[in-house]
Amino acid sequence: MKKASLAILVLTLVAGLWTVAAVGETYKVASDTTWPPFEWSDAEGNLLGFDLDVMRCIGVLQGFEIDISSYDWEIIFDDVGSGRMDIGASGATIRPDREEKVDFSAPYWTSDQAILVRADSELNIITALAGGYTVGAQLETTGAGFITDLIAAGINVTLVEYTLYPLAVLDLINGNIDAVIQDEPASVASATAEEDISVAGVIKTDENFGFFVAEGDPKGLLALINDGVAQLKALGVYDNLIAAYMGTDLVKVEAAWRASIGLLDDGDVVGFASQLATLANE
Amino acid sequence: MDTRQHHNLGDVVLRVEGVHKTYGDNHVLRGVSLQMRRGETKVVIGPSGTGKSTLLRCINQLTVPDQGRVWLGDCEITSRKEDINCARAQIGFVFQSFNLFTHLTALHNVRIAPMKVSRMTKAEATKLAMTELERVGLADKAEAYPAELSGGQQQRVSIARALAMSPKLILFDEPTSALDPELIGEVLEVMVSLAKEGMTMLVVSHEMGFARAVADEIIFMEGGGILEQGPPEQLFRNPEHARTGEFLNKITELYGE
Amino acid sequence: MSTIWQSLELLITRGLPMTLLLTLGLLGTGLLLGFPLAFLQVYGYRPVRWLCRGYEQLFRGVPALVLILIFHSGLSRTFDILLPAFASALLALGLRSSAYQSQIFRGAIQSVGEGQMLAARSVGMSKTQAIRHIILPQAFRLSIPPWTNEFSSVLKDTSLASAIGVLELMKQTTLIFTRIQFIHGAQWILVILMLAALIYWALTYLGNVGLSFLESRMRIPGFETKGQVER
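Chains as they are written, first to last, in our numbering: chain A, 433 to 714; chain B, 7 to 263; chain C, 4 to 234.
No wet-lab data here; the hints were simulated from the structure. Quick reminder that beta carbons are idealized off the backbone N, C-alpha and C, glycines included. Hints may be right or wrong, so weigh each one.
Below, computed lysine-lysine pairings styled on PhoX-like, alpha-carbon distance capped at 20 Å [stated by the list, open to error]:
| hint | chain 1 | residue 1 | chain 2 | residue 2 |
| --- | --- | --- | --- | --- |
| 1 | C | K159 | B | K122 |
| 2 | B | K174 | B | K147 |
| 3 | A | K651 | A | K460 |
| 4 | C | K159 | B | K87 |
Cβ-Cβ distance ranges computed for the label pairs, FRET-style [to be verified]:
| hint | chain 1 | residue 1 | chain 2 | residue 2 | range |
| --- | --- | --- | --- | --- | --- |
| 5 | C | P148 | B | E195 | 38 to 44 Å |
| 6 | A | P650 | C | G64 | 33 to 39 Å |
| 7 | C | T207 | B | R86 | 53 to 59 Å |
| 8 | C | G64 | A | G648 | 47 to 53 Å |
| 9 | C | R135 | A | R690 | 58 to 64 Å |
| 10 | A | T542 | C | R63 | 57 to 63 Å |
| 11 | A | P650 | C | V69 | 39 to 45 Å |
| 12 | A | N658 | C | G64 | 35 to 41 Å |
| 13 | B | D31 | C | I84 | 53 to 59 Å |
| 14 | B | H33 | C | R135 | 33 to 39 Å |
| 15 | A | K435 | C | V69 | 28 to 34 Å |
Here chain A stands alone, though its shape is the one from the complex (with noise of 0.2 Å):
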């Protein structure tokens, strides 16, 4: 027990001193790798997705490394806000209540929100939202956001709130809710994957997702964020990635990553871009 509790102390001053060294030009991800298909951890425990793959390619393009965590949502914008991560790259939505802890980057997404519910149940986009139903949204996310105003609105719509996304998903199949809003893509791939749930419809929000930083951007990481997705989109990346994980099936897509990482590894940011587009449609 004692050498175990030394080895402890010892791991702990490791730790410690984890934030004081600057390793190099790593910087830290936080993520929320819990949201197919721009962020999640394949069954092999790789994290992949749209938007981390997209930040890979960026710092292949402008020389850094990255070292993704996988972070809960709730907490995402505190640790990147106050500087222990360097870089949030989650699927977030571009708001002024968030401004005021991050910087973001410009919106390299647009995305909107979608109501799913039961196959077999009559509700349509309308009645889901406003028939005095019960509508499950994940914490702190705009969809929660937007169930919220309709409430302060006067709308009759009850909201419950999870941590998790998929819990929502469970119970509207479970039958404790009627409804579940969240974003598009992520609501297509849950339709896509359940015969019992379908997609109500979308309510075009024109949500901007930014990448985002401490106040301040203190390592100056904006610049080169914003440039390097000039850079892949120039390069025609930014499309074969799109065309990889947006629609596509989740298994085929974590198949062709496996195979093509290799490549970004590399170095290699176009091929691997093209590849895994390839491999994921086939």
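Starting from the known structure of chain A, fit chains B and C onto it as the hints suggest.
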């Protein structure tokens, strides 16, 4: 009846002068003084609550008296600059509830103080411990744990433990009161042979058979002070105070001779 | 079916090591701090005893998750102290365990019968010797059963570290079941959670077995609970 040997009484081993002890409102010891010579055996009797145990504990300073002084040989152990641990090592104490170290075997119980306090080597201490265990008739139980021993055996081990430190005197605090009747005999036997061997012993007990056999003096305490003291036969036959006679009769009635 | 094996493998290889590391670290930190605390509370001067008592009340009275967040987010926002997640969890939960462990050891020391100390002093041992050779060995044996409880407790507390981004068993579980919902359907969430529960249960069981074994090795023949055996 009087089987007591008249051994040579030596110099003064213990002197107690004017010991007082108060617990809250209760003035338990009211100026007790006594003296023991080498080789003497004295038995203290008296009604319960009269401070007999407290007196013993004040002698080896397990309880610190409010007033009074105690000398062990030439050395005043109540004075502040005396190393009380050193003094205690020379005074043996046998408790009513034995207080053997429960996590140690009988052998280890007896040898631990010689090792840690007298700084003997393990070999020396073990040899000493076995000798003492034999002396109390328990050499064959050396590897037993206290919980595996009967009350009488435990008490005998605790006597061996006290003996192992070669004490100048041994204090016995009601050594047989917690024992089943059948077990009392084996302990008293050990105590009698110790007395005959010349050990200086101050015993709080109501075992009058023991007292009459080996005690040089019986001390009768009442109300926190010594009412009367003297050789056993004198107290039995011709006590100074009626109270003494009363008490002696009562305990002889209850506990036999 | 292969999904189950795959998930189990992932849980064990990616989640379990960190959980074990945290558990040992927490117990170790708790032990290192808790034992001296208990000692001071039993044998120290009054102001010291007060302080120790206060410490104990503080760390036992605040929910574990709140403690973690205080060390992690609270410190960073107020004092600009940025601890890595592992360190925050280790400190917060380790200090908490030390408060519980100090209570365990304090109880054990105080359970050793008073007669033991008296007997030790009566053969001439100093207080230090008595504590070291007589009191502590007995207190140690008495503290094993409640310490087994603390092990169970701490093991479960480690799952709270997932809240601040430590990748241990609980976090790994959520990573798996959030994916699995998109591929196999939401009913699988329950399966994955059961697998995680199974692993936690197995760890608790193994830990208890180990500690039981230790307890039986240290058992004093015939010795039941505290202090004296009269007859």
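Numbers of the earlier hints that this structure fails to satisfy, in rising order: 1, 2, 4, 8, 10, 11 and 12
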